[in-house]
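Engineer: Residue-level listing of the chains:
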Amino acid sequence: MSTATLKVATPTDTTIVMTRMFNAPRRLVYAAMTDPAWLPRWLFHPPGWSMVTCEGDVRVGGKYRWAWNDEHGHPALLIHGEYTEVSPPGRIVHTETMEMGGCGPMGTLVSTLELIDRGERTDMRMTLAFDSREARDGALASGMEHGMEAGYAQLDALLATDSR
Amino acid sequence: MVAESASPLDRVFHALAHPARRAMVRTLASGERNLSELAEPLDMSFPAASKHVRVLERARLVRRRISGREHLCRLHAQPLRDVAKWTEQFRRHWEGAFQALDSLLEQMKSKERAAPRRRGSH
Chain V
-2 MSTATLKVAT
8 PTDTTIVMTR
18 MFNAPRRLVY
28 AAMTDPAWLP
38 RWLFHPPGWS
48 MVTCEGDVRV
58 GGKYRWAWND
68 EHGHPALLIH
78 GEYTEVSPPG
88 RIVHTETMEM
98 GGCGPMGTLV
108 STLELIDRGE
118 RTDMRMTLAF
128 DSREARDGAL
138 ASGMEHGMEA
148 GYAQLDALLA
158 TDSR
Chain G
2 MVAESASPLD
12 RVFHALAHPA
22 RRAMVRTLAS
32 GERNLSELAE
42 PLDMSFPAAS
52 KHVRVLERAR
62 LVRRRISGRE
72 HLCRLHAQPL
82 RDVAKWTEQF
92 RRHWEGAFQA
102 LDSLLEQMKS
112 KERAAPRRRG
122 SH
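Taken in sequence, the protein lines are chains V and G.
Going by the numbering used here, the first sequence opens with residue -2, and the numbers climb by one from there.
Going by the numbering used here, the second sequence opens with residue 2, and the numbers climb by one from there.
If you're looking for bench data, these hints aren't it; they were derived computationally from the structure.
Quick caveat: nothing in here was measured; it's all calculated off a predicted structure.
Don't take every hint at face value.
Each computed SDA-like pair below joins lysine to any residue, with the alpha-carbon atoms no more than 20 Å apart [claimed, not checked]:
(1) G:LYS110 - V:ARG115
(2) G:LYS110 - V:LYS60
(3) V:LYS60 - V:SER84
(4) G:LYS110 - V:GLY116
If you want the footprint, here are the derived chain G segments under chain V, 3+ residues with CB under 8 Å [said to hold, decoys possible]:
(5) 26 to 34
(6) 37 to 46
Derived list of chain G stretches under chain V, where covered just means 3 residues or more per stretch with a C-beta under 8 Å from a C-beta of chain V [what the hints assert, rightly or not]:
(7) 8 to 19
(8) 50 to 57
Even glycine gets a Cβ: it sits at the ideal position worked out from N, Cα and C.
Chain V extracted, bound-state conformation (with noise of 0.2 Å):
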C-alpha cells in the first residue's frame, strides 16, 4: 500500500475488507484504534452528533460499549460487543451489535482488525463478516443515511461513469 487513502473491497459475498495506510508507527495505531481513550476523537461523528459513551475492556472476553447522540441529544445509535481476539500491536478481533433510534439490534457483525508493521509507516487492514449477503449490502448502502454528503448528482456522476 503506498497511499493513504481508504480502499472498500466486497471479496465474498458476506464481507467488506478495508485497507489503508497510516504514517505512524504501529503501536500508535493500535492505541488510536483500540484503547476507548481514543475513539471518540475519530471513529465516527456524523455532522451534530456526540459520542456519549466509549468504555471499553480491551482483553479476550472483555465487552465494550459505544453510544452516539444526535443533534437533538437523542440516542441515535449505539455500538456494543464483545473482544474474541486481542493481539497487540498486531491482531484485535470483535464483534459489533447496532442498534439505532429505538429499532433493536441489527444483527451482528465481526471485525477484523490487522495491522503490519512498515517501521514509520503502519497498513491497515479491516475484515467486515457479516451473517448474510444481505446484511452485507444493508452495511454498505447504510453510508447514506447519516447527512453525508452524498448528492444525487454525485451519485448520477458514478452511474455515468459505470459500463457494467
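Using the hints provided, position chain G relative to the given structure of chain V.
Structural biologist: Same frame as chain V, now just chain G:
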C-alpha cells in the same frame, strides 16, 4: 421522499437508508414472512410496517402476496446485488473517520517527540 421518477437505484438506496427497512430485509433473507412477523421485532404498528414494506416494494426489493387475510412478503435480492457495487459511499464515510485518525496520530507523534519515551521500553 423519493420522486416517482427516481431511478431504480435511487429507490433501492432510499429503501435501505432506513434502519427498520434494513432490519426487515435481514429478516426476509431467512424466508417469507407475514407483516406481523416483520412488525413485531421492531415494536411497530401494522400500518407503519406496511408503509415500510411499500417502500421496499417500490424499490422492488420485496414482493408481497395476499393469502386470505395475510400479507406475505418475500425478498427479491437482485436490486441488492446492484447496490453492492456502490462501495463509494461507504468508503467516503470511513475515509472521513480515518482522516480524523490521521490528525490524531500526528498529535500523538508530536507529543512523543516533545516528551521522548525512555530508550528500551518496547
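Engineer: Which earlier hints turn out false for this structure, listed by number in ascending order?
Structural biologist: 2 and 8
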